[in-house]
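With the hints in hand, could you dock these two chains into one complex?
Same order as they appear, the protein sequences are chains A and B. In terms of the numbering used here, the first sequence is numbered consecutively and its last residue is 638. In terms of the numbering used here, the second sequence is numbered consecutively and its last residue is 1247.
Simulated from the structure, these hints should not be mistaken for laboratory data. Fair warning: this is a prediction, and the values are worked out from it, not measured in the lab. All the pointers check out, no bait thrown in.
Incomplete in silico selection of chain A near chain B, CB under 7 Å:
{"#": "1", "residue": "Val85"}
{"#": "2", "residue": "Thr123"}
{"#": "3", "residue": "Phe149"}
{"#": "4", "residue": "Ser150"}
{"#": "5", "residue": "Leu251"}
{"#": "6", "residue": "Thr311"}
{"#": "7", "residue": "Ala315"}
{"#": "8", "residue": "Cys437"}
{"#": "9", "residue": "Leu439"}
Just so it is clear, CB atoms sit at the ideal spot from N, CA and C, and this is done for glycine as well.
Here are the chains, one letter per residue:
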Amino acid sequence: MTPPDHGAAIDAMADTAGPQAVDELVGLEHSLISVRVALDDDEDVPPEGAVKILRRGLAASPELRVGLRVSLAFAFITAIGRLIVPVLIQLILDHGIVTKAGFDARFTYTACTIGALAIIAFTAMSRITYMRFIRAAEAALANLRVRVFSHIHRLSIAEHTDARKGVLVSRVTSDIETLARFVQWGAMSWILNGTLVILTIMVMLAYSWQLTIVVLVAYSPVVPILRALQRRQLAAYDLTRTRTGELLTELSETVGGAAVIRAYALEGRSRGRLAASIDGVYRAHLKAAKFFAMMFPLGDFFGAVAIAAVTIATAFWGHGWGIDVGKAVAFLFLVNLLLNPVAELSEILDQTQTAIAGWRKVLAVLDVPIEVPEPPDDVARPLPHGALEVAAHHVEFAYRGGDRVLHDVSVTIPAGTHVAIVGETGSGKTTFAKLLCRLADPVSGTVAIGGIDLRSVPAADRRRAIRLVPQDGFLFDTTILDNVRLGRDDATDDDVLAAFVDLGLDGWLARLPDGLQTRVGERGDLLSVGERQLVALARARLADGGLLVLDEATSAVDPETERALSTAMARVSAGRTTVSIAHRLSTAEAADLVLVFADGRLVEQGTHVELAAAGGAYAGLYASWVGNTRTTPQAGLA
Amino acid sequence: MVDVAPDETDEEPRAGALRRGVPVLARYIRTHPGPFAIAVTGSLVFASMAVAGTFVLGDITDHVFTPALKGHRDNHTVMVAVVATILIAAARSVGVVTRRYFAAVTSRRMQVTLRSQIVDRYIVAPLAWLREHPTGELLAHADNDVEVAVEVVNPLPFSLGLISLILFSVVALFLADPILAVIGLTLFPALAFLNRFYTQRVEAPAERVQERVGDVSSVAHESYDGALVVKTLGLEDREVERLRVAAERLRDARIEVGAMRALFEPALDALPNLGIIAILALGGWRVSQGALSEGRLVQVMALFTLLAFPMRVVGFLLEEMPRSSVALRRIDGVLAAPSAPFPAHPVALSPEPLAVEVRGLGFEYVPGEPVLADCSFSIAPGEVVALVGATGSGKSTLCELVAGLVAPGAGTIRLSGVPIEDADPDDRRAAVSLVFQESFLFADTLAENLALGRASSDAVADATRLAQADRFIAHLPAGDATVLGERGVTLSGGQRQRAALARALVRRPRLLLLDDATSAVDPTIEARILAGLRAELATTALIVAHRISTIALADRVLYLRDGRIVANGSHAELLATQPDYAAMVLAYEVSGPPLDRDDDGDDEHEDVA
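Chain B on its own, in the form it takes in the complex (with noise of 0.2 Å):
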């Protein structure tokens, strides 16, 4: 389930909901008033329709029945009647259907318009924005509040219709007998105020049955992802005790909206029936007095029923409101998210191996609290450096900043002199290739994933070759057509961080970053990767590496702690002077990697699985 960010709902006053959801609905209609006006069109046919189908109700009784049970049968009025009555119903529902289809394809359009809006900000907004946003929710915006912003948009044509079939029906009440159209003019609006009454007491109790049904969920949830705790510790009777007090609140709170409901729902069902009744006592009167005839009464009754309903409906629309301007609201702050700025005067960027020369970097990402502070380093053309440092030392974010991916707080990066923020961005991509430590590949074949739609066949197959990854793809049951991800083929840890490698290398970059992108790769197979990358690729390297045999293949290393380069020189000098520095790279060592890693040692028995 995506999760749907908090419901504001509850802090809007109605009056406000009212002021803010009426330009939510124009600039719906603005954006697609085609659809909207064939819907309305077919509310109003609808109305008149229903309008006067009560009027041929009248004249049946008056013109057909009466006279028909007492001998008088006219065949032609008769058959005026039918005809009348059913191409009436012919036209209410082709009325219906236009409105219910053409509001649909509103709503549905201005879905589009709005997730193209929102896809098209995640595309371009810079990074570090959309990390400061769970996944779920910018799914949830595209996805469920979305649905929720348009949702407004479906009963306003019949909104629109109502108001019509209130107006025509209370002007064939009072053409029918303006005595009986007092009573429905009474009725009427104390039925609305009920129906508001009622959604305004039940909307507390309502809303506490949503917490608690999350509530109910967030145990279960708790109480299962600890399965193996609760069996050991033999806590099974204090969670089902845990989950009993959630539902048996979640119980009273539904007990809670059942009462509401039994004490209006009955309430609101026998209202129009009691002012049936008072036309019919009245109505005979006036039947009597030859005010009206018997038809003109059935007619007014049949009006009645007709209006008893929509009088529930008419808040509706309001009770939508709020939900859909505060779904909107969200939207509109995806939209106004920034996009990564474009250098006003691109520069293009050395053809050959670039220099990287960083002077005074700093990065927070929550402010007072810097990831990197003051650092600074250069990188000679064609040079290796490995990037050593512990867990959450801001590696990761070197390399990000390095590959222009994120701006820097302070400080500045060149790349072969070029400062990064005015390097071409098309010809930064194309020079600098970043290799993340969590291989992302896309849920396509494994050709589309190393290609992306542009290098030639002859550059992927060094590219794997040189990545290791030619093997193992040979291997796959379709070999590079192969499809990965959901309901594709599964590849190890390994063997998706070699094909990630084979991607970066696919684009001959000028400047590689692996930010311990070889992590689950077998050692053996990583040294040969490596010794590979230096006699055949030209490029400048910087490698974030844990494992001694890797920094060994660096000819230099720059050790970061705490987000400062505290050292820079050979491994030999580093072990020497940085005695942290022996502790961490020799604690990995005498732990090992992992005894029963996912990656496979061996090409020979590649396991797909």
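In isolation and in its complexed conformation, chain A is listed as follows (with noise of 0.2 Å):
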């Protein structure tokens, strides 16, 4: 008979959630990081078995090494404080009770209190050594996060694309959590659990070689059943999520369209699509929890098959093999020491293929090499004050592991001109003036800035005279002055507002509920996509810049703020080089020179007027839209 003990405790816990319900328990975290979360994001990491990722691993954070060592002290002290009581049930039940002198009242005495003593030590000694672990891991899971995180921002612009973003910050985030997880639970698990039986194998032979062999043979079917019923279980878990996010899918249709389906009188379709994807998710469960039913008795069940083995074995060779009472009564209760163990199993291994996977995903991260590194002091050249001029060579330019998006652009823009880049989605334009910027650097070719190759360019140099306002013009969560004042730190509160006076902006600033001390919201969601322009500009005209790249707001942006933005456009490009990707055929218009991009060639460049009677590819484009707009019956009025 084998009492469940630990086994009725996983059990039971693992009864309320699944796979995660134990380290819940245990730590009573219950993660905010859905699993959900990054499920297929594991694009471009090459496959390294576990081994070599746990070298890595710990090559990688050192401080593990020290938390492995701590560790497997506790685990021993852990292991043989529940060594204890097995141990002291057969000195007692032999030597104790059951001697040729009858009860040895002293010998049981001596022997419990010894006990008890060693228990109570063993506890005080497992308490210090699981705090040092603790803390060694978690310092290494905290430098790792850190060191993750800055490498990630070092990486060329390249690497951030809108569809990778997610990723990257997973990697930071459920990544790293997963990690964690791993070392507070998997991980501790696989050395207590595995120093556990070995040593209670090893009890076990010093008692009888030969019913530790019973036992073993009697338990060990239980490994591959597990191992069969894990893997249909893990396959019937992958089938909930898939079926959940479908239903997810299916909902978000629901609610996205809800305008459409009312005014368009779909609820019967919806309904009827919804009844059969929840009905999906709730068969797909089912189906996973026939399996982890079914795999929890089986350790309790062979553990009752060891130990029926025990019986009959000592039953009828027990006296030749020289067993007493207290060492039969003993390997019932080391049987049950064997149960937690292969119980945690098959958790520990999903858990632990989860890690790795994760660790892999953030060692791989921390490969990518950074391709725009900083020059030497004694390369680095700074950059004249006062308006720039822009000299591309051959440029050619390629993202990792794609193909050229830009071939041979050659152009030179004089020191003060306003520039319009002009081009379909894809043409290379973009990515033309991210160079301009070095947040990449050309394959070949290269960019020069006020006469000088910009990967000489030091750093500060860089950012204090070229300044870009994006299109979406991403703003922090905080106030609009310390938005602003992130383009100079040592600018004081008059000068950001004098900023927003130069650029005419004063009458917009004052509409604000709290002027410079508005709050901008998450990404400045609370501002319009032109008012974060706005303040873009003004964090542009705080910074002494010689180059000014804007890449204009495609969206509709309203009359008024988009006059605003024009008046401001106009002032903060006086006296510097303006090089902007445009989006309105106003702005081409305005420029002193136009440059046409094309699958990733400059095509043609010259001013609007030059180009608009050249008959190429801008006057096809002016054609087109002027006469769309244009020749209207009201144009007349325009």
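As structure tokens, this is what we get:
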């Protein structure tokens, strides 16, 4: 008979929520990071063996080596603490109670006192070692997180695409959380249970090698059966995740399309589809529950088989093997110590796989080379003040692992010129503008600003002199003041205010609820796209920049902000070289020079008037849009 | 990740949680009593068989080990013991499997029940109600909240089985030896108490860990969202410092949880073992007195190991209760959402193009901040009217009101004389088609999106031709059988708008409302669409427009400013009399539409991204 002990605990805990439940009971941490995050983001991560990942991971976080040593100490102490009781049972049964001289009170009480003291001592020691382990492990995780975060920020902008943004965030959040969970529970469980199994078998061997073999043979089928069930269970869990994903998709259609559903009387359709999705989730869950239900009693059942085997072996051959009652009973309790590790095995394997995958992804990020290195001091050359000339010389560019997106672009933009870049989406115009800010380096060719190769310009100079006003005008979730001040650390409140006044934006600022202290919300969402660009322009105004790169907003800006923007633009660009990625015809018309990009090549350059008359790509573009918007009956009034 | 609405657990006093938790459980059990009863039966089988097992263990010691090791083996007894051990273990396993599976059936069925009720609310609740709640929150109610709300069901059969396990064990302990039973009766409550104390102490630090995981995640999100700004302004070091602070705070909170764990876990581990040692010491003496046999002593120790851990699980149900009852309360909040009103005496609408008469119309989303105020206008049957106004002037709201999607705050809307709230909803929705700026298409085939299960293929063909969607559809890889959306083909903005327009036209509306519905369509194509509509479709139309070319196609212009109709007349009149109207339409004219808009000017090279 096998008292369920920890097996029952795992059983009960797992009852409540599946694989994570054990962890939750032990740690009481209900992680915020949903399992559903980043399910399909393991692109371009080379497959490597678990051992290799472990070795590399330890190399990346040396603190973990300390943690590993302490955790081994903890495991030994805890395992020995658990073995005291069965050993004591054997000793007292054989030498205290069932002796030829009858009950030996002195031996019994002495042994019990020593046993109790030992348990207390081991308890104290396990507390100390556990604390040391946790400190080492958590320090390692925190440092790893900071390193990965920092590394990602130093990667070329080519890595920071919209598509990859979520993936990057999950590298420093959910992937590391997976690792944290593993370190706290899974890894500890491997070490502790491994030690416990080895020590238990050693004690068994010390009592009787024959009975040990009997126990191990009787108990061993549990491992392959458990593995087989676990594989099916994992597949079933995958299915529940897929089905839940489908339900969420269906549901977001119902919520997102609420107006359409109501306007077009589509309630019945939605109801039917949702009911099918809900049912799909239900069926998938029950399938998983079936394997889940079967897995847990396995250890208990095979434990009982082992005990039955011990009973038969002891009854028939025990006398000959020199076994006494205490040892036989001790075996009943020692078998019990093997149940817990087996009950946990499938959970740990699952968690380990996830953690190794997470670790692999985290390490892979650290492997991505930093492609835009800052120049060493002996090569660094400062940028001159004032308007800057821009010269691109046979510039080629490709994103990592992608096709060329810029082909042999050569152009010189004299200092102080206002340039508009036009071209269709994907023509390479935005990439070209990014190269001017050194958000990436050309694959070949050079970009020189103010006559100096950008690769030789120190970071501080680049940031002072070259300013980018991005299209979506991202702002940090703080005040307008703080956001503008990011442009120059030492700027006072008055400097910031002056920048707005210079740009003619004091009226706009006055209409905001708290003026400069107005909070802009997440990503600046409390402001419109146009208003966010106003803030970015003020930021640019604050710095003594010689080159301004502006990515115009594509979405409609209301007329008032539109006017404020163009005034501010005109003023901020005075005395600077300005490169605008133009989405509006008016911008191109007003520019000194128009660069036309198509398929990654600079196909035309010249003034608006020249190009419009030249009959090339720009002329076609111009004629088409002008034709469509201005030859309407009222066009004369414009 | 679906956002989880803030957990209010911390405000729940324990006793209150239990008081609220029990009705929650009662509601679940009442809804699905059958599977629950089976699960509880399984649990009882497990409990009784677990205790029975300890008897067998004692008997093995007394009647197999002791005599056999002295050379008096009784084969019959050995066989009985072996068969009993295995049969009892088998029964125990069947009990566990039954409990687990049927507990899952109970909770999953309850999830189906709750989810069906929730989505039904989402389908029938008024649009205004849905809009008060962020999509993430609505999804979380049906996803996460439902999961959490029923989670409490799962440990319930186990807990009920546990109570019987404790009762059986106490009886078995007393049967074995009353004096040893007293040790058990003092130890186990102490264990339960210590465990309670532990979970209470660790609760606050564990919540801090959660908060700080959230903090780390927000810093990372914001920082990578703003990667472009961070790079161009050289803010990397500042950002790394921000994350370092968040990561170290998280680390400290985790260490704090670890410290609690390090304090209590070893103690919880040690207590039952100390109890067994006490049993050994006392038991030795009792055996020497002849008060009990070695076998009974072994049984008592087995009962101790049997009970040691379940004591720790006792608190678990209580742990889950507050979380579940809070989640269920949120769900009940959804279920209490109103249904869109249905007229008492629905009136059918005229089969001709509809007349629209709006009097004193007012609407506000936030009390005190009117979006529309005192709007009055009429549209004659068959008339085409342009609605012009700046962003935020109330155009979309006006369209939704006229379509009957939202109920007016003040004033009346009549469609050919019938007050909109009295119109038969099915008839109204067949007669009035609103086409939105954000063209929402279902992740389904294009054909299904257009016909929506009802229209004939002729009607669809007519509509796609009128919406100038026929040619690009023909160029799609699978024509109108092409699947749209997530895993399917992505249409350009202009193509989506044309498909959405076709979907509206399929229904042969008698009042067509276009809310900037062609904004992403190439102006040449837009002009063809509007000309076609005028020529072929017998309908009244209200068209929200920005471009002069569009406005020019209308019979009349309504000019909306700050929620009020400030002018009503022809385009030329308005240009002459309304300076800000002129400024606005000309501002769009001067800057022109985006040079690189995503729509295709030419059907010959339609892009299918």
